[in-house]
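*Asks:* Chain order of the listed sequences is U and E. Each step along the first sequence adds one to the number in this note's numbering, with nothing skipped, and position 109 is 182. Each step along the second sequence adds one to the number in this note's numbering, with nothing skipped, and position 31 is 104.
Heads up, a few of these hints could be off.
Heads up, the list lumps identical chains together, so a pair's fine if it works in one copy or across two of them.
The calculated SDA-like cross-link candidates involving lysine to any residue, where the alpha carbons are at most 25 Å apart (straight line), are [as the list claims (entries may be wrong)]:
(1) Lys79 to Arg113
(2) Lys79 to Phe115
(3) Lys75 to Gly153
(4) Lys79 to Thr97
(5) Lys79 to Ala103
(6) Lys75 to Asp192
(7) Lys75 to Ser167
(8) Lys75 to Val86
(9) Lys75 to Glu148
(10) Lys79 to Pro108
Derived by calculation from the structure, the hints in this document are not laboratory data. None of these values were measured; they are calculated from a predicted model.
Take a look at the letters that make up each chain.
Protein chains: 2
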Amino acid sequence: MKPIVKHSASVQVRTIPVGTDTSTQVLLGADDGMPNFAMRKFSMQEGGGMPLHTNTVEHEQYVLRGRARIRIGDEDHEVGPEDVVYIPAGVPHSYHVLQGPFEFLCMVPNLPDTLEILDQGC
Amino acid sequence: MKPIVKHSASVQVRTIPVGTDTSTQVLLGADDGMPNFAMRKFSMQEGGGMPLHTNTVEHEQYVLRGRARIRIGDEDHEVGPEDVVYIPAGVPHSYHVLQGPFEFLCMVPNLPDTLEILDQGC
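Chain U extracted, bound-state conformation:
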């Protein structure tokens, strides 16, 4: 493996179809040959977000800018810059942006991930 240095703006932006005004970039992932885990960046516009869903992998997240209400399990949290979030595998979670753009890093292990939508609200 070779070292990689790149600006995040150089990475392809992909819309998340099940989200609202939500896109993602795989900053370091399988295509880069990451051996153990991937780094993604999510961007959500004001009023946008993701409906309640589960993933089969855990999320380690760091909020870069903006504010959002995140439901994790049965609890709501309002998060903003420099907040750290851990969402265990299988725990339902949703995002609703209060102040956009809401941007965060989301790291996941190199394991199969299945996303299941639980409702269409966010």
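Here the structure of chain U is known, so what remains is to put chain E in place on it, guided by the hints.
*Replies:* Frame of chain U, contents of chain E only:
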């Protein structure tokens, strides 16, 4: 495992003895029960950094603020906000801060890590 939401400023800051004006925080790590990888934040003051060294685990990094010259292998890179860096396991690297504070996230897998200093320059 339970979800975790916390502000990064609430996490203990530890000085890195082999660095210069360098400290770290384990934002999500073994003590939090992370199953696969850890998220750390490093802060280096202007003129500070880390001498050339190797680790036995890879680093996936995201620059939050400041500027630094990073040597990775045989190449120097000047990095700043929103830059993404991948340092493979075993590749010599060093940090010299050009504009501080230089702050970045550094993710590592849950594998044994041995740090070996190669010289005392940075």
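*Asks:* Confirm or reject each hint.
*Replies:* Checked hints:
no. : hint            : verdict
1   : Lys79 to Arg113 : both (14 Å within a copy, 20 Å between copies)
2   : Lys79 to Phe115 : both (17 Å within a copy, 19 Å between copies)
3   : Lys75 to Gly153 : between (34 Å within a copy, 20 Å between copies)
4   : Lys79 to Thr97  : both (16 Å within a copy, 23 Å between copies)
5   : Lys79 to Ala103 : within (16 Å within a copy, 29 Å between copies)
6   : Lys75 to Asp192 : between (42 Å within a copy, 22 Å between copies)
7   : Lys75 to Ser167 : between (36 Å within a copy, 16 Å between copies)
8   : Lys75 to Val86  : within (24 Å within a copy, 31 Å between copies)
9   : Lys75 to Glu148 : between (42 Å within a copy, 11 Å between copies)
10  : Lys79 to Pro108 : within (18 Å within a copy, 28 Å between copies)
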